[in-house]
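K.L.:
In order, the protein sequence lines correspond to chains A and B.
For the record, in the first sequence the residue sitting at position 13 is 13 according to our numbering, with numbers rising by one throughout.
For the record, in the second sequence the residue sitting at position 395 is 395 according to our numbering, with numbers rising by one throughout.
Derived by calculation from the structure, the hints in this document are not laboratory data.
Treat the hints loosely; a few may be bogus.
Facing chain B, a subset of chain A residues (Cβ under 7 Å, in silico) [said to hold, decoys possible]:
1) Asp48
2) Ala71
3) Val98
Since this is a predicted model, take the numbers as computed values, not measurements.
By construction, the Cβ of each residue, glycine as well, lies at the ideal position given by its N, Cα and C atoms.
Chain residues, written in single-letter form:
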Amino acid sequence: MFDHLVRFRRHFRKFLEAIVLVLMTVLALVVVLGIVFRKAGASLVWYDEVASIILVWLTYYGAGLAALDRAHIGFPTLVASTKGTLRLALVVFREAVVVGFLVLAAWAGWRVLQVLDTTYLVSLPSVSAQVTQSVIPIGAVLFIVAELLALVPPSGETETGHKAGPPG
Amino acid sequence: MILLAMFLALFALILIDVPIAIALGVAAALAIALTAGFDSLPNVALLLYDGARNFSLIAIPLFILAGAIMNASGISRRLIAFASALLGFVRGGLSMVTIGASLFFAEISGSAVADVAAMGSILIPAMKSKGYPKSFAAAVTSSSSTLAIVIPPSVPMILYAVMSGSSVVELFVAGIVPGLLGGVSLMGMAYFISVRHGFPIEEVFEMRRVWRTFREAAWALTLPVIILGGIFGGWVTATEGAGLAVVASILIGTVIYRELDLTRLRVAMIEGARQTAVVMWLVATSALVSEVLTTMQVPQRIAQGILDFTQNPLAIMALLNLFFLAVGLFLHSAAAIILVVPIVMPLVQAAGIDPVHFGLVVTLNLGIGQQTPPVASVLVTACSIAKADIWEVTKVNVYFIGVLLGVLLLVSYVPAVPMALVNLFYR
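Using the sequences and the hints, build the whole thing.
P.N.:
Now the structure itself:
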């Protein structure tokens, strides 16, 4: 059972890494294309809208990856100073709060998708807003899975990157 | 009452280590449900989506990525070699090299944590092997890394610009003089400590060596200057400049330095994405809090309350400085900017303080916050590299924190220090 979880976590990490790699590449390409076309006097009408949407996607797919590595900014000092049952209770409560909020975000995102069936992007009228907004419920579910998988003790699996901590 | 419940919930959740982004979301969702009813909760999804959909913030992942790629291309080593040739002849040479290299790296990286990780992993072991105490090595590396968020480009400044509605370009320009001033002042303090403790000179000054190391580091040094020049000159926007920085860093890493392969590029991109997501989740959930605060006109009420107490801009600046120093003790800089700046901006404007000037004050305050436990992301990274106790390092770091406080006072009360270049070129 434990081996299955560790293997699943490894595949899940690869899956999220692949998504953010694609999004990061596309974001850089779109921005560079935007500059080239603007300087050529033929600005891309979809540039601002599409680049902003990619940033949203990078945020919510990347958040799952950050959750898997426990990289989100927190204040661990107090919980780290507790022991035994109190610590266990605090950790369980913390996880319940995190998962509870993400369930709310997934549900709210799903409700929003249902009313967006006739809404399309301004600059790309063939693309439904349902596609772009789907990142909220999908991202929330991925975050929940990552949050729960992060509870599985590490077993030699290495994360990609030096994990220098959040920027700032 | 609802507002009090929101802030109490937020405070309690942060204390039990709920990620700050989630704590913001939970507290705000609670307030939204209590004020507008449970039927309004689907709005949470819309606010989360719109909160992250800000075009100006695209510069953040791109500058983070450019810095990560440059670092993966062996840039740190070259910058350190150049700084060593330039400053290594001074007493306490390696500490001078650390501060000098941090100044150079700051123009590539927008993050002090990235700076301390890149510089510290090379320079702290080098200082320890030359007999410098590990607490001094960690302290000087940690405090000089703070310059990365003052000298452009700067991730906290981009966040501040979005949260306050200020110009990113003007903030970047305003950071140049305080950043250089901070670097020179830290060098002065490092020299004083080095003379007192007899720390060694690193190497004899040789013009030939300076030229050779400069040629090796030239691309890394001049390209950011060209890109920032493009931004300052209005040729490209900050976001476009960040995009060009990514392309340029890939070209330098692969074609010129030939140290960047696909594996390193992949690692840099994943790291960049992860760091971006951490900051952007905070931005997104802060949109929920902003909605509540705006609806209840909280920032305006706080501003009025303080203005009833005093209308003296100097006193208000002092209050804001103390507030941000206190906030910096407990919050990461990104979280502090996202959470606090929208609340205090009406007060700043009512007191007649220029938002760009205040941006530098906030950045320096939070830079000092990165050095002061319990929450001190940069100091903790330096201590972990040096394998030194955080409180032992802090005993040495107080001297450098004192220097940074001096720069903060100067920036706060002599507006010309950050604003002279802005006024000269943009107003």
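K.L.:
Please go over all the hints and tell whether each is borne out by the structure.
P.N.:
Here is what the structure says about each hint:
This hint holds: Asp48 of chain A has a C-beta 5 Å from the nearest C-beta of chain B, less than the 7 Å allowed. A least Cβ separation of about 6 Å between Ala71 of chain A and chain B falls short of the 7 Å threshold, and the interface hint therefore holds. Interface hint status for Val98 of chain A: upheld, as the beta-carbon distance to the closest one in chain B is roughly 5 Å, under 7 Å.
Every hint from the earlier list agrees with this structure, and none is contradicted.
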